[in-house]
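The hints should help you fit chain B onto chain A, whose structure is shown.
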Amino acid sequence: MKDAKRTWSWSILGLTAPAYLWLTLTVFLPLSAMLYFSFLTQVPFGGREASLTLQHYRTFFELDFYQLLTWRSIKLGLHVTALCLLLGYPAAYVLARQIKGRWRESLFLLVILPFWSNSLVRVYSWTIVLRNDGVLDRLVQWLFPGAGPINLMFSYPAIVIGLTHAFLPYMILTTYVSLQAIDERLLEAAQSLGARPWTVFTRVVFPLSLPGVISGIILIFVPVIGVFMEPRVLGGRAGTMLGTVIEEQFVQAFNWPFGAALSFILLAVVLLLLTVFYPFLRGRRLI
Amino acid sequence: MGRFRGMMVACVLAMVLLVGGVVSAQPTLHILNWQGYGSDEPWAVEIFEQRFGVRVIHDYFSNEEEMLTKLRTSPGVYDLVLPNNVYTPIAIREGLLEPIDASLIPNFQDVDPTLQRVPEFMDGDQLYAVAWTWGATSFAYNTERVTGPLDSIQALWDPRFAGRVGWWDDSLTSVQLAALATGQDPNNPQDLNLIREKLLALRDQVQVLWTSEDEWNRFMAANAFDIGVYWSGSVSRSQKFFGLPVEFVIPMEGAMAWLDGWAIPKNAPNRELAHKWIDFMLSPEFYVRWDTEVGAPASANLAAMQQLPEDSFNRRVLADPEVVARLVFMKPISEEQRVRYLQLWQEVKFRFTM
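Sequences listed follow chains A and B, in order. Sequence positions in the first sequence follow the numbering used here and run 1 to 287. Sequence positions in the second sequence follow the numbering used here and run 1 to 354.
Chain A on its own, in the form it takes in the complex:
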């Protein structure tokens, strides 16, 4: 018995060690190096002398526009997440609870389809749709002759549209999983106790789907506040975000320490937001 237990723990170690070793090597080490860099005066490459400093973190708090940009990126994250929830939840609901069989498979395929193309290609195809005299503009002109020109390209809405398209599948997939797992008998019980469809939804279905919704929100909100490619291509003059600013520190100024400091400030903000809101979101399950 004891031997069996030991074999068991050895096999757990054997099976999980490669993954954790890989994560340690690819995530933890570079991240710690970056954290260290963020406290250095400059990158210690090519015989440069570097000393420890807090200057990069101080710069962030001294210059208002870096703080305002952080807020701008958070707002972008909120807008995109809200839009994904608004569009994704009904879609996931219909997929999980209304449609069965082959239809579900093919509709599911449509949801995952965007993942099969390169994200850069997707963003550039949006430029064709959104630009002045583009696909969307022509469609509107055709439907409503005489309507003003629709030029969404190079604006904040263009960024929100492109990102919502890119991240919507996450919301649908996570919500779908938790909606599908709801026991049919619970709904029947609610109905037999006299609950109307809307009450069944708000008191039973929605609370039970919350774990999926929350994972969707986290999966979308966290990466969106750090994006730099989509805002740059779609945003034009409105495309400056904290993500683009961080990237430029690395590429244009060789200022890795400040770029790293900005990244860790962003990480801290994310962790703070999650610790503040996570209990609140989870708590609603108990209602």
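The set of hints was computed from the structure by calculation and includes no laboratory data.
Not everything, but these chain B residues come out facing chain A in the computed CB check (under 8 angstroms):
(1) Asp170
(2) Val206
(3) Ala222
(4) Asn223
(5) Ala224
(6) Gln346
(7) Phe352
For glycine and all other residues, C-beta sits at the position ideal for the given N, C-alpha and C.
Same frame as chain A, but now just chain B:
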């Protein structure tokens, strides 16, 4: 265990064979350059490989900082590198380059005398880089949508182009162009506040902040902007491959000029061949075909420039001494300056979004 040992032996054997194969094969020339910047044209590589019985392998950098990092971290790997006049002094100072023997490069005698001994490419009397191509950063406009000619850099601030300007999203260039527009020395601007104000005034002008030549062409073709910051060497490619009616302007206030030179990294494995490569790159044979078939910046080799067609941009505009006199060659900037310029530009871009 026996099988494992067998595999080990097989692996070692395979490695020995592989290494032996590489060593015994013809010499290999490792080149570090921008992607798509002439030297990696398939026909050029083929000509050189056949003529000298070597293999040519390219590795790329996407900005000069990356080029320096590669030289620092891979000593003795590359045979050739193409730094510009801003970064060559750093490479020389850090001991990353080998001296160059101009007598091994016959085409060197045709290089423009003013470019043969550029201070940035020298250390004392010793030559470290051979001028290859040069060009200007300024702006270009669409001649069908804009009634020209335009001759002042203030055109970028002209209200008639409100919302029709495409600006290069680059901090150094932004500061330098604003310095030219406010009458300051772009290599050492004194009044950064004035530059900040001038750049903020672009808020209602700029529609696109572009980052690559390809973006410039596609957005210009899609009618997203009419006038934009651009590079002289890219104009002919816009005309040739995108059919864009584009005219490049060297404004009366001046334009920023850069110069790329071939250099040989420290401890390069094939130094003699590397000199031959530089000679080939300078030759009219290579340059004329590059400019007419693909589109290139101006060559430092005057003999090569003279063999271009009469109407080519490089010959028509950049060979005019009066135009060349207006160019301001970019000087190296300190790291503090680079950090300060980026901060300034990021603040300006943030105000653009308000």
